[in-house]
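*Asks:* So you can see what is in the structure, the chains are spelled out below.
There are 2 protein chains.
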Amino acid sequence: MSDVFLPQPHDATAINALRFLAIDMVQAANSGHPGAPMGQAAMAYTLWSRHLDVCPSQPSWHARDRFVLSSGHASALIYGLLHLSGYDLPLAELKKFRQLGSKTPGHPEYGHTAGVDTTTGPLGQGLSNGVGMAIAQRVLAEQFDREGFELFDHRVWVIASDGDLMEGVASEASSLAGHLGLGRLNVLYDANQITIDGSTDLSFTEDVLARYAAYGWHTVDVTDGNDLEALDAAMREATADPRPSMIKVRTHIGFGSPNKQDSSASHGAPLGEDEVALTRENLGWPHASFEVPAEALDAFAPVATRGDAAFAEWAALRERYAEAHPEAAADLSRREQQQLPEGFAEALPRFSESDGPMATRKASGIALNAAAAVLPELLGGSADLAGSNNTDLANEPFFSASVTGRNFNFGVREHAMGAVLNGMALSGLMRPYGGTFLIFADYFRPTIRLAGLMNLSPIYVLTHDSIYVGEDGPTHQPVSHLAALRAIPNMVTLRPADANETSAAWKVALERTTGPTAIVLTRQGLPVLEAATVERFERGGYVLSEAQGEADSILIASGSEVSLTLNAQAALRNKGHNPRVVSMPSWELFDAQDAAYREEVLPRNLRKRLAVEAGHPLGWERYTGLDGGVVGQRTFGASGPGGDLGKHFGYTVENIVEQFERLG
Amino acid sequence: MSDVFLPQPHDATAINALRFLAIDMVQAANSGHPGAPMGQAAMAYTLWSRHLDVCPSQPSWHARDRFVLSSGHASALIYGLLHLSGYDLPLAELKKFRQLGSKTPGHPEYGHTAGVDTTTGPLGQGLSNGVGMAIAQRVLAEQFDREGFELFDHRVWVIASDGDLMEGVASEASSLAGHLGLGRLNVLYDANQITIDGSTDLSFTEDVLARYAAYGWHTVDVTDGNDLEALDAAMREATADPRPSMIKVRTHIGFGSPNKQDSSASHGAPLGEDEVALTRENLGWPHASFEVPAEALDAFAPVATRGDAAFAEWAALRERYAEAHPEAAADLSRREQQQLPEGFAEALPRFSESDGPMATRKASGIALNAAAAVLPELLGGSADLAGSNNTDLANEPFFSASVTGRNFNFGVREHAMGAVLNGMALSGLMRPYGGTFLIFADYFRPTIRLAGLMNLSPIYVLTHDSIYVGEDGPTHQPVSHLAALRAIPNMVTLRPADANETSAAWKVALERTTGPTAIVLTRQGLPVLEAATVERFERGGYVLSEAQGEADSILIASGSEVSLTLNAQAALRNKGHNPRVVSMPSWELFDAQDAAYREEVLPRNLRKRLAVEAGHPLGWERYTGLDGGVVGQRTFGASGPGGDLGKHFGYTVENIVEQFERLG
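These protein sequence lines map, in sequence, to chains P and D. Take the first sequence: its letters are residues 17 to 680, numbered as in my numbering. Take the second sequence: its letters are residues 17 to 680, numbered as in my numbering.
Since the hints were made in silico from the structure, they are not lab data. What you are looking at is a predicted structure, and each value in this text was computed from that prediction instead of being measured. Hints are not guaranteed to be accurate.
Copies of one chain are not kept apart here, so a pair can be met inside one copy or by any two copies together.
Subject to a maximum C-alpha distance of 30 Å in a straight line, what follows is the list of computed DSSO-like cross-link-like pairs (lysine-lysine) [claimed, not checked]:
no., residue 1, residue 2
1, Lys112, Lys591
2, Lys624, Lys663
3, Lys111, Lys591
4, Lys111, Lys663
5, Lys591, Lys523
6, Lys523, Lys624
7, Lys663, Lys112
8, Lys591, Lys624
Just chain P, with the same shape it has in the complex (with noise of 0.2 Å):
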């Protein structure tokens, strides 16, 4: 970062090369965001030419600043900063901008376009991915920095809109950030008053710095979004102040555009060629289509001088470090590779029959320290439910605005804690967990399929999940979120039947690293199944007790369900039947098994099946098939003591037995 303010001679150049970037990649897909990049040019330059400090050679640096825009619509502007900067992405992949197979999709996408720190376009995600960005500088900071070794000094800057800010998430999370005191978090708000349906008049008129003063953030007026000399002060402001910043950043979207400016007929769709011609005119940009001039090229060269000789320094920093420090950087090492340590599955619980019955909640809490004390990059909390959801880490200090730690208070922000815990994944060195009730996971269903298309890999610790979460009624009681997790792509969602599946879970949670993984969880106690081994498990389904010689039935079941349809086998079995009984806990990991394997535990001449899982039996059927059925439910569940309430359903043996014999 410079130290003082020196207009450049190419400004202008290079923030009408964003602008016409923007306007050109729009007008040659006949599609997308032209007026959010034109609006932002200015600041985005400003930023970027002085105070990012990013390595356009190296842009999975983990010590880079991060770039968040939360307002992925305008995506054009980064894929603009991107090439301009000297990424990796030529001007051809700009001109196949919202093109199939192209770099330069219609919404940034983490893990497809080098540089882009974070999927964007459902607003108010970006933002909150921030909070957790600045949550994992200090966690890094915190863990691998020593005297002479700042390792991890850098900054989050985000560009959010006036729809980011709507969102609730956002709210959340930015509440969040200023209890914190994430001073390393600093947002542009691109203040343009326009939405998609018009001026923000129409639906949004609050004090928005007011707001954020009163969440604890640092606020700056920059009451002219083309004031380069206005945005470096507001920049240099928020990276001295202690707190986060809120930097609302007055601009005209479309700006430039004789005709558009100022209206959301530029939010999502091209200009058209006249007005294109027109801008041209107005902003004196006498170039062709996609033409970038060289000074628009030396304007943004600062980014990589910069930046190769920042990464430069850390590389040697970091060679000097692993020899001063070792033990501290081969742990580095191992989580650049996003390796486990050796020995890690020793560490994990086994429990025994004299252990139960245990709540799984209680195996997994147990589970959790096990594997969190060898395992540093591990660390979370809960949604204010952490008693319930066993996720606190025994003898570690909680992250707060003055302690560092791996708990996390995240108060009752459900939503803001999945976008935080992607935010954490996103450093690529954290295993980052998040606990609340299953029913709650509707609230954060976004960051959980954001998770999955960036392949990031947060752990979800999703308790009380069926009606047997009892006297707290219906409104607690999950019935279809165990099949809406379900058909998330990239996802596993893990529910184990016992102590020693959970164990299990925890297993295949951490070494999953493409996609998040839920592990469900019983509120009540279950017996330990000392058959439920982890390599069975980790199957997905396998034969947990077989029938007496030749099956002539199939009993499927999940979680608690599980040692309930044991007992139906037996009672079965005094009627002449003889099942067999599979648990089930993943179907994402049974369906990945090779056929074979999947035709000995689901053979498909047996066609008397019966699947038993308290929820909704949605999906069921593919295992069942037409002859077969499932004791599950589609009602809602109710009020009272969790057995009364088995009953109520239906999840008893008697109701299986009968079940079953009315399979033909």
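Starting from the known structure of chain P, fit chain D onto it as the hints suggest.
*Replies:* Okay, now just chain D, sitting in the frame of chain P:
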């Protein structure tokens, strides 16, 4: 409401009666939340005895004030209030707190217990429902009030907890309420500084009143939550102020418990017999468990006295209104009976082939406007996507701080939109709808579930329903969403195949009164199917195109894949196969048909079945079985023109033929 505050001799007895009823209920159930009722008792008593205009003998009176216990875990408080005020909730029900079949479930449930105005428990929802209730009051006054006939002059009172105010949905709804100037909304914020995990200092240190001032609310600070005079003055002030009011009331959780006051120990567990005895002693309460002294009933008597008088006055006014304004009175009666006007169905459009291709979102806009022309109770809007969702009502004003209309700009606030729709629906006199992209159904999913639980019937207009969204890319392309919606009890999900099925979908949605309906619509144009009649659509699945002679197989599709599947049928015929094509717009409607009809459409012995839907296949196996197949996708989408994506993901005649021929 009395004009001046006069302390009553039995105030303290009444407040302690509320406290001890809550303590005793939780103790009897050995489960529940005593602390919040103990802290909230004084404000609740002040509100009910002096301000709230309700009529215990007419709990569903449409012009009553609404009372929302947003902190639903404090349910024992509302049961106490209802009992003491003379609602039909005898002590015997209080003694069955949290038992199966009782009127006193763990969290208050609308429709289950007379006097409960909305279902609460999931935090943030009640307050946000209150915003919808306050909107409903203004709309009802606008639609029905005439000079000399103020029929709808009620207010909405909410008790909210720290947890409610941490939830993003409440932030969104509160910002909207400030914007819309909803002066009839008054919130009592139970600031007890304690959440489940401990002190709010752990996670929630923002300045709540400053935040609400930033939203444009009137704010009041009551520093002693047991000071009835101060509480009364604050409620008066709130009533007088034209803005929504946030009254911060500093309380003590577990007030009166010597060892558990101000501690999270009193939040979610019984106090225990010993501590109950100590609390009795401490608060000077000589009465036995569940014993209610006459003085307490006396103190609450004004609720019924005032309510009976107010209701009688209103009923008389209503009679005179029927004479003076017979048409409006008839409309009100019709709406009270949840009847649609005669000839309503005829108002909906029919389309012919020559109208196509037409996007179903466009047909939806036409059908919606046709319906709105004959249904004054139909009102709604979009979460800042009105132009894309086709949700605007032509020639209707937009609801704002100064204008009361049937069009709403909800802003980029999907979650609040869902909760506000629930609040509007709770008026019993409105049919609200809300639009956004299907992808953002995840953002307001908790409110869909609550609509289902409450048997409310808002309508969700969910456009851009698959990878055919195109260039916006995977961030905006739903894959899991249909499956996830179909798993919600009491919900009907409709995915119409063309303009005619879309018109029929509106008929089905508007005729439903027992749960929410989602109408899932395309961005892209589709051929119009003249064979798609209302009668066929209403059965959920029907043979759209019969096989030639006896069918040898079945193709099943929904939405945009129906016309594709018709093309595949032709191609398969050319290859010697003879499938029928079933259009299946709604699983729920189809499953509700009798067995004979279902057998007619999907004959049990016809096992060669292929379903086609641009989404996750989860659940389709219910209809395709172990021998069938599904053309769908288990992966996220991609950015590119919709046509390219259709090919890429296999939604082509060629792929359908190939997948069909792979079946046994």
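*Asks:* It remains to establish, for every hint, whether it holds in the given structure.
*Replies:* Results for each hint:
no., hint, verdict
1, Lys112 / Lys591, "neither (67 Å within a copy, 39 Å between copies)"
2, Lys624 / Lys663, "within (24 Å within a copy, 38 Å between copies)"
3, Lys111 / Lys591, "neither (70 Å within a copy, 42 Å between copies)"
4, Lys111 / Lys663, "between (63 Å within a copy, 22 Å between copies)"
5, Lys591 / Lys523, "neither (39 Å within a copy, 50 Å between copies)"
6, Lys523 / Lys624, "neither (33 Å within a copy, 40 Å between copies)"
7, Lys663 / Lys112, "between (60 Å within a copy, 18 Å between copies)"
8, Lys591 / Lys624, "within (16 Å within a copy, 34 Å between copies)"
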